[in-house]
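Participant: Chain by chain, the residues run as shown.
Protein chains: 2
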Amino acid sequence: MSKCEQCIVRQFSSLKALTKEELLKMADCKTSYTIKKGEPIFQEGEITKGVFCIKEGVCKLSKLSANGKDQIVKLVKPGELLGQRSMIIDEPANLSAIALEDMEVCFIPRTDVMGFFNNNNQFSMNMMKTICGDLKDADDHMVDMAQKTVKVRLAETLLYLENTFGKNDDGSLHLQLSREELAGIIGTATESCIRLLSEFNKTGLIKITGKKIFIEDRVKLKRMID
Amino acid sequence: MSKCEQCIVRQFSSLKALTKEELLKMADCKTSYTIKKGEPIFQEGEITKGVFCIKEGVCKLSKLSANGKDQIVKLVKPGELLGQRSMIIDEPANLSAIALEDMEVCFIPRTDVMGFFNNNNQFSMNMMKTICGDLKDADDHMVDMAQKTVKVRLAETLLYLENTFGKNDDGSLHLQLSREELAGIIGTATESCIRLLSEFNKTGLIKITGKKIFIEDRVKLKRMID
DNA sequence: TTAAAAGTATGACAAATATCATATTATAAG
DNA sequence: CTTATAATATGATATTTGTCATACTTTTAA
Chain V
53 MSKCEQCIVR
63 QFSSLKALTK
73 EELLKMADCK
83 TSYTIKKGEP
93 IFQEGEITKG
103 VFCIKEGVCK
113 LSKLSANGKD
123 QIVKLVKPGE
133 LLGQRSMIID
143 EPANLSAIAL
153 EDMEVCFIPR
163 TDVMGFFNNN
173 NQFSMNMMKT
183 ICGDLKDADD
193 HMVDMAQKTV
203 KVRLAETLLY
213 LENTFGKNDD
223 GSLHLQLSRE
233 ELAGIIGTAT
243 ESCIRLLSEF
253 NKTGLIKITG
263 KKIFIEDRVK
273 LKRMID
Chain U
53 MSKCEQCIVR
63 QFSSLKALTK
73 EELLKMADCK
83 TSYTIKKGEP
93 IFQEGEITKG
103 VFCIKEGVCK
113 LSKLSANGKD
123 QIVKLVKPGE
133 LLGQRSMIID
143 EPANLSAIAL
153 EDMEVCFIPR
163 TDVMGFFNNN
173 NQFSMNMMKT
183 ICGDLKDADD
193 HMVDMAQKTV
203 KVRLAETLLY
213 LENTFGKNDD
223 GSLHLQLSRE
233 ELAGIIGTAT
243 ESCIRLLSEF
253 NKTGLIKITG
263 KKIFIEDRVK
273 LKRMID
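Chains V and U, in that order, are what the protein sequence lines are. Each residue of the first sequence is one higher than the one before, starting from 53 at the first, in this note's numbering. Each residue of the second sequence is one higher than the one before, starting from 53 at the first, in this note's numbering.
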């Protein structure tokens, strides 16, 4: 059983407020999992009995809409926690969490996290701030969905992917999403997404080679957004 | 200076966890305001130095989008608190709050609320749950915006307005919104909203007389949504 | 009371987006 | 290696939605 003290999740998440004793306790009660690309961590409607720490790999939080399409609400990266909201209000998961890459996660049971939560003010405050940040992001995202065109949302998403998940050595976006997944973030039909990518490719905004996407004209993409 | 003990806000909001002593303290530090229809309680970007309790009247939380349209993110009714998120993460308001009716609100300074927050576990837990609920609503709303048509969103909104704010004696929706505001909730152009209302009127789903809207066929409206 | 302004309504048209069909390419399984 | 399957790409077309123009109606303010 590995320790929690040096774990990447601790550095970035609310967990940074935990004391040495709390970390030792957490190391005892946690379970580590390996999750393969495409597999779920939990599904919409499922009762999650704790919180997941993302140690490695990126996953999507998504919701199946009535028309059968998977709308991606948020991408979650290493150092973040999953399932905080469900834990606090003690409800089934509102979203599904599915691995976009091979992942390493730890599971900490509800009772243990709630213990830290009630005894460590700084920890609960951190978690609260994270959720408030999520709420702001969700509100902004909602306004974007309602008011911006698909083209602008694609431009935004490409720059977001570069900023958040970085580039490979060859300069291509590190996080490789399928066209369907990209469409799921933007909130559009897969064909529309593909068509716009082709257009961006032709007009020199991006370069596409197979599954790799290179951002070629950051300035013009940014200009599209305002 | 009126007391807080019997106030409607207390019954419905996180404040129900406050002790008698805390309520007395709150009555001392609060300021009451009357806000006329159309006036702001606070604006996007403004630094709010506390929390507002809605005693009477409904207001909208909205955000101005790049194209100059006001997207309504949430409607807030008596018994709810405003500005909790900004208070917790100590950031300027992300949304504007504007009265849709004449309102009565109380303002409680940040330091006082944070005092209750740090000393009364049940209170902070309640507030946390409220914010978690808002996050769920925002996520769901986002998926709707991305995946549902304007027509379906209008049907949803009409039923929501009936369920949440009730009907007048004559059966019309109690909360009277302008077409522009209704369009702002749905996330569409005002003309599109008006056109669809006419269509709903012609097909007998609703009845329009002046500014009054009557829901005539609840069943068909519900069926549209699934 | 009347003029101006704002809100509501509707037509005509343009633009954005979805859908369906089909071809091509890449990937996985035997 | 080859075949089956999934992913990507693109055309044709329909549908949805936005924009602009204009008329009508209600509200506001002088």
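It is worth saying that the hints were derived from the structure and are not from the lab. Keep in mind it's a predicted model, so treat the numbers as computed, not measured. Some hints here could point you the wrong way.
Given that identical chains are not distinguished, each listed pair holds provided it fits within a single copy or across any two copies.
[Claimed, not checked] Dumping the calculated PhoX-like pairs for lysine-lysine here, alpha-carbon to alpha-carbon at most 20 angstroms:
#1 101 to 121
#2 264 to 77
#3 126 to 272
#4 188 to 121
#5 254 to 264
#6 188 to 259
#7 259 to 107
#8 77 to 126
#9 101 to 188
Participant: All the hints need checking, so say for each whether the structure fits it.
Facilitator: Okay, the hints, checked on the actual structure:
1. 101 to 121: neither (27 angstroms within a copy, 42 angstroms between copies)
2. 264 to 77: Cα proximity of residue 264 and residue 77: none, with 43 angstroms in one copy and 61 angstroms across.
3. 126 to 272: Answer is neither: 25 angstroms inside a copy and 33 angstroms across each miss the 20 angstroms cutoff.
4. 188 to 121: between (24 angstroms within a copy, 19 angstroms between copies)
5. 254 to 264: For residue 254 and residue 264, only the intra-copy Cα distance (15 angstroms) is at most 20 angstroms; the inter-copy one is 51 angstroms.
6. 188 to 259: neither (32 angstroms within a copy, 37 angstroms between copies)
7. 259 to 107: neither (31 angstroms within a copy, 56 angstroms between copies)
8. 77 to 126: neither (30 angstroms within a copy, 41 angstroms between copies)
9. 101 to 188: between (26 angstroms within a copy, 18 angstroms between copies)
Hints 1, 2, 3, 6, 7, 8 from the list above are not met by this structure, while the remaining hints are.
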